[in-house]
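Engineer: So the sequence lines, in the order shown, correspond to chains E and Y.
With the working numbering as the guide, the letters of the first sequence map in order to residues 1 to 266.
With the working numbering as the guide, the letters of the second sequence map in order to residues 1 to 288.
For the record, the hints were derived by calculation from the structure and aren't laboratory data.
It is possible that part of the hints are untrue.
Beta-carbon label-pair distances, calculated as ranges [as the list claims (entries may be wrong)]:
1) Phe20(Y) / Phe175(E): 29 to 39 Å
2) Pro184(E) / Ala128(Y): 47 to 57 Å
3) Glu165(E) / Ile177(Y): 33 to 43 Å
4) Ser48(E) / Ile140(Y): 23 to 33 Å
5) Ile45(Y) / Val77(E): 40 to 50 Å
6) Arg93(Y) / Val134(E): 45 to 55 Å
7) Phe183(E) / Met107(Y): 25 to 35 Å
8) Arg197(Y) / Trp126(E): 50 to 60 Å
9) Ser132(E) / Gly42(Y): 21 to 31 Å
10) Asn5(Y) / Tyr14(E): 48 to 58 Å
11) Pro184(E) / Leu21(Y): 32 to 42 Å
All C-beta atoms, glycine included, are put in the ideal place defined by N, C-alpha and C.
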Amino acid sequence: MKNMISGWTLIKLYTVFIYVWMFTPIVAVVILAFNPQQFGTFPMEGFSFKWFVKLSHNSTILDAFKNSLVLGSLTAVFSTAIGVPAAMAFIRYDFKGKEFLNTLLIAPIMIPEVVLGVALLLFIRWLQQPKSFVLLLVGHVVLTLPYVLLIVQARLVGIRKEYEEAAMSLGASPFQTFREITFPLLAPAVFAGMLFAFTISFDDVTATLFWATAQNQTVPVKIFGMLRNSISPEINALGAVMIVLTISIPLMAGYLSRRFAGKAGK
Amino acid sequence: MQEKNWKPWLLLSPSLMAVFLLLVVPVCFVVVYSFWLRAPTGQDIPAFQFGNYAKFFADFFYPSILLKTLRVALETVILCLVMGYIPAYFFYRTESKLKPFLMILVMLPFWISFIIRTLSWINILGDAGLINHLLMKAGIITTPFAMLYNEGAVIMGLLQYLLPFMILNIYVSLDGIDRSLTEAAKSLGCTEWQAFREVTLPLSLPGVSAGCLLVFVLTCGTYLPPMILGGPGNEMIANLIFKRVIGTLDWPFGSAISAILLFLLIIIVYTYNRYMGINQIFKSLSNG
Chain E
1 MKNMISGWTL IKLYTVFIYV WMFTPIVAVV ILAFNPQQFG TFPMEGFSFK WFVKLSHNST
61 ILDAFKNSLV LGSLTAVFST AIGVPAAMAF IRYDFKGKEF LNTLLIAPIM IPEVVLGVAL
121 LLFIRWLQQP KSFVLLLVGH VVLTLPYVLL IVQARLVGIR KEYEEAAMSL GASPFQTFRE
181 ITFPLLAPAV FAGMLFAFTI SFDDVTATLF WATAQNQTVP VKIFGMLRNS ISPEINALGA
241 VMIVLTISIP LMAGYLSRRF AGKAGK
Chain Y
1 MQEKNWKPWL LLSPSLMAVF LLLVVPVCFV VVYSFWLRAP TGQDIPAFQF GNYAKFFADF
61 FYPSILLKTL RVALETVILC LVMGYIPAYF FYRTESKLKP FLMILVMLPF WISFIIRTLS
121 WINILGDAGL INHLLMKAGI ITTPFAMLYN EGAVIMGLLQ YLLPFMILNI YVSLDGIDRS
181 LTEAAKSLGC TEWQAFREVT LPLSLPGVSA GCLLVFVLTC GTYLPPMILG GPGNEMIANL
241 IFKRVIGTLD WPFGSAISAI LLFLLIIIVY TYNRYMGINQ IFKSLSNG
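Excised from the complex, chain E in its bound form (with noise of 0.2 Å):
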């Protein structure tokens, strides 16, 4: 009994030390965007905004977020616009070539992203155009998809089709059931698969390596160009700001749509 309760006691302290091991490096990029020294490096000598406001005056990030966040958006438009009608499909019916199909849309996740960057650049320099804005929205669409795919479909899982058989049978129209029942039940779905796309879209980096020119370049990609000038309290800066946002990007979402689920059940 005594070595059970220690065994435990091991396994908790193991726990733990993986949980600091995670979490200290980016703690330790968070405490350094602090540093007012010019290297941003240990010991911490002062406290101080200088980086962060350094940052704000630097054109070429901000240029580089509004194209990120441009970029993020619309990816996650496209994507669940795509994506929610086929989680739809594969959830509500029955058809030949299901399980196939649903692996064939899923199996990118596990294709190289380098590879997937030289196909597409492979592709359209066949077709002869040059790369653009739009080669890097496809891009994107096709990086996400898969992962719309799965979170839809695990949220539509739970939505049943009674529900809009029994708005049709009361008298609802199909556009009536639609508003009143169908998308207000799909809301918090579409809402978690445009998230999950904008996020795996802003983060990315290899593939936009590929795709990028130097008018569209996001704030990944600087990042990585900064970085070849060694690590600079600037970009702690920069990563302390990107940690907070998309830390609270989701915890906000997770958020809203509770109330959003809370509203559409009254």
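Add chain Y to chain E, keeping to what the hints say.
Structural biologist: Chain Y in isolation, oriented as in the chain E frame:
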């Protein structure tokens, strides 16, 4: 009945078209291009010849990068398993009220920018990083200990990126085990350890193998960690492809390397799918 037949296809057609046009066709192009010739002038000439593949296997340089990639992937899988199984088991067994919070924390890194997570190790492992700073302050070493720009640092970055995938895969599998089975084993006289070894561990293997496959495949295609945390000798196959295509514009050769990588991964995933079924991986991912 007629209606039911075309409706799902209508819903599916935009996705299928996108994947066909933007993924299937371009990947076929990579395969076709890998047989083309590169003229000394830099033009690509349509051809059907195996020169690019022959070049890859001509001496040990390129295959050694492929082998190194596979070795790093294997090391990462083993370390991920060692680091991930116990936390997953902790989530399965714990009755703490903090469990939902702790689970969210494990998933949090998914949301944090990959490049930030990768470069954050520079602050820890660098010459002026946290570890060297603490060791020097404690008087254990007088000059910084070089920990960055080697294979170990690359694997560190990979582990931080991939560990949540492993933990989630194992946890989903553990969570599906009927808890009365271990109770039964113990009431029949098994010790805690025996019950784990004979019941829990074998039943968690689908999640373990799904996690291992996912980590292996993702490591094989990795580009960023070797670029940021590795040194000149830590190039992996994805870095080689990038260099050939974007750096020297040798499209046919870059295509051939891409095709070799893709072929290798397809064989691995196909073999896995025959014995284990690929859906386990998707099941865990959709929980993320």
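Engineer: Each hint: holds or not?
Structural biologist: Structure-based check of each hint:
Judged by the Cβ atoms, the range 29 to 39 Å given for Phe20(Y) and Phe175(E) holds: they are separated by roughly 32 Å. Judged by the Cβ atoms, the range 47 to 57 Å given for Pro184(E) and Ala128(Y) holds: they are separated by roughly 54 Å. Here the CB-CB span from Glu165(E) to Ile177(Y) is close to 37 Å, well matched to the stated 33 to 43 Å. At roughly 31 Å, the beta-carbon separation of Ser48(E) and Ile140(Y) lies within the given 23 to 33 Å, and the hint holds.
Take Ile45(Y) and Val77(E): their Cβ atoms lie about 41 Å apart, and the range 40 to 50 Å holds. Remark: the range hint 45 to 55 Å for Arg93(Y) to Val134(E) is upheld by a beta-carbon distance near 51 Å. One distance hint, 25 to 35 Å for the beta-carbon pair Phe183(E) and Met107(Y), holds here, with the actual separation near 28 Å. Roughly 56 Å separates the CB atoms of Arg197(Y) and Trp126(E), a value that falls within the hinted 50 to 60 Å.
Range check, Ser132(E) to Gly42(Y): about 23 Å between beta-carbon atoms, so the 21 to 31 Å window is met. As the Cβ distance of Asn5(Y) to Tyr14(E) is approximately 54 Å, the hint placing it in 48 to 58 Å holds. In this structure the hint that Pro184(E) and Leu21(Y) lie 32 to 42 Å apart at CB holds, the actual value being about 33 Å.
Checked against the numbered hints given earlier, this structure breaks none of them.
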